[in-house]
Every structure is written in structure tokens, then in C-alpha cells.
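Participant: Protein chains in written order, with our numbering: chain A, 1 to 119; chain B, 1 to 112.
In case anyone wonders, no lab produced these hints; they're calculated from the structure.
All C-beta atoms in this analysis are idealised placements derived from N, C-alpha and C, irrespective of residue type, glycine included.
No false leads were slipped in.
So, partial list: chain B residues that the calculated Cβ filter (under 8 Å) puts toward chain A: (1) Lys42; (2) Gly43; (3) Ser46; (4) Leu49; (5) Leu89; (6) Trp97; (7) Gly98; (8) Lys99; (9) Leu100; (10) Phe102; (11) Gly103; (12) Ala104; (13) Gly105.
Below are the DSS-like pairs computed for lysine-lysine, each with C-alpha atoms no more than 25 Å apart in a straight line: (14) Lys14(A) <-> Lys42(B); (15) Lys57(A) <-> Lys1(B); (16) Lys11(A) <-> Lys57(A); (17) Lys1(B) <-> Lys68(B); (18) Lys11(A) <-> Lys42(B); (19) Lys71(A) <-> Lys57(A).
Chain by chain, the residues run as shown.
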Amino acid sequence: DTGVSQDPRHKITKRGQNVTFRCDPISEHNRLYWYRQTLGQGPEFLTYFQNEAQLEKSRLLSDRFSAERPKGSFSTLEIQRTEQGDSAMYLCASSFPSPGLAGVGGELFFGEGSRLTVL
Amino acid sequence: KQEVTQIPAALSVPEGENLVLNCSFTDSAIYNLQWFRQDPGKGLTSLLLIQSSQREQTSGRLNASLDKSSGRSTLYIAASQPGDSATYLCAATPDSWGKLQFGAGTQVVVTP
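All chains, please: the whole structure from these sequences, using the hints.
Facilitator: See below:
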């Protein structure tokens with residue numbers, strides 16, 4: 001198992017274009033999370049999946065953002081009509097419930113992130 | 001709403017000195033607290049996870065303590081090395097889904 005994988009690592013786009021990021025979680029992990037991080041700040045929660053179900057979306061996730069996790073495996077995060085304010089590192093993480101604590105989220109493992117620059 | 005604070009924002013120590021990194025959170029009703037390391041331009045590497053029923057966790061030169069009643073966690077790194085230079089982030093889990101609320105991090109520089 002190679003850990004959480006994200007693609008692409010870097011994306012430069014012009015304002016108004018659409019971009020899509022992909023995340024492949026650790027294979028046995030049923031929970032998947034997307035975060036956004038800007039320079040000098042901690043990551044901010046965007047959305048969360050348990051298997052294929054999207055269970056929570058942050059208010060940060062405007063209607064230009066959409067995330068999917070078909071079949072409960074990989075996930076995609078799409079940003080439509082990108083704006084300069086969307087420039088950030090987009091991080092994906094996965095986890096499995098804590099052993100012995102039914103339903104409680106366990107340790108999160110993050111990918112290397114996808115850095116988006118909107119010109 | 002849970003708020004997580006890390007003070008100081010930056011820290012510089014000579015090699016060999018012990019590092020003490022602080023994390024405070026406003027709501028003691030957390031499930032877990034996790035410490036991460038982040039190198040420039042990279043993702044987050046998990047260091048330690050402390051469950052709410054635990055008081056501390058240890059891994060090699062790293063030791064993290066958790067005091068829920070006072071809303072504090074401390075990460076100790078013994079005998080620091082230049083390779084420990086990075087940003088260290090703590091994150092609290094306010095619900096059972098595992099969603100994390102992060103602090104802004106402490107940037108550490110260990111000078112040879």
C-alpha cells in the first residue's frame with residue numbers, strides 16, 4: 001500500500017476554467033476527506049465521505065465546487081469557473097474508524113496535495 | 001465552534017535542545033487529537049494520535065500529552081535535530097466522523 005495518492009500535484013489555470021483533482025485513498029479506508037490550505041494557515045475542512053456517501057459539506061464549498069466518490073473508492077474534486085481566490089493547496093485524507101471505538105474516526109492520513117494556481 | 005490555537009507561530013532552537021510545542025482548544029468535548037508535521041510545499045505526515053481517553057502517546061523521540069479539562073496538548077521532541085525543521089500542526093476531532101479542526105501551526109527551525 002502506497003498511502004494516499006493525489007493527482008495532479010500542481011495545476012496552473014486561467015481564471016474561469018474548470019479544474020478537477022483526483023484522490024486515491026488507502027485501500028481499506030472507508031472515510032475520505034478534502035481540505036484546503038492557504039499559505040501560513042492550517043488546513044480547512046471542505047467535505048467528507050463515508051464510502052460513497054457525501055455526509056458533510058463546509059460552507060467554504062460554494063456551488064462552484066463539487067466532489068464525488070463513486071463506488072466508495074477514489075474521489076474527485078471539481079472546481080468550475082475558477083477564481084483567483086481558489087488558489088490554494090487541496091489536500092485529501094483517508095481514515096478507518098478507531099479500533100474498539102465504534103464509529104469514531106481514527107487517524108487521518110494525508111496525501112501530498114494538489115497545488116492550484118489561478119492566474 | 002471549536003477553535004484550535006498554536007503558540008508560538010515560530011520557534012528556533014539549537015541542535016540538541018528539547019522542543020516543546022503547545023496546542024490549545026476551546027471545547028474539551030473532543031474525540032481525538034492528532035499531531036502532524038508538514039514540510040514546505042508538501043502534504044501532512046501524521047506523528048501521533050491521542051484518543052480522548054488517553055493522557056499521552058509516545059513514538060521514538062516524540063511524546064504528546066493531552067489534558068482535555070484544560071484544553072491543552074503538548075508535543076515534546078527530545079534532542080532536536082536539523083531534520084526536525086518543519087511546521088508542526090495539531091488538530092482536534094470535534095465529532096465522531098473524524099473531521100479535524102486545525103491550528104495554524106508552529107514553524108520550527110533547528111540550527112546546527
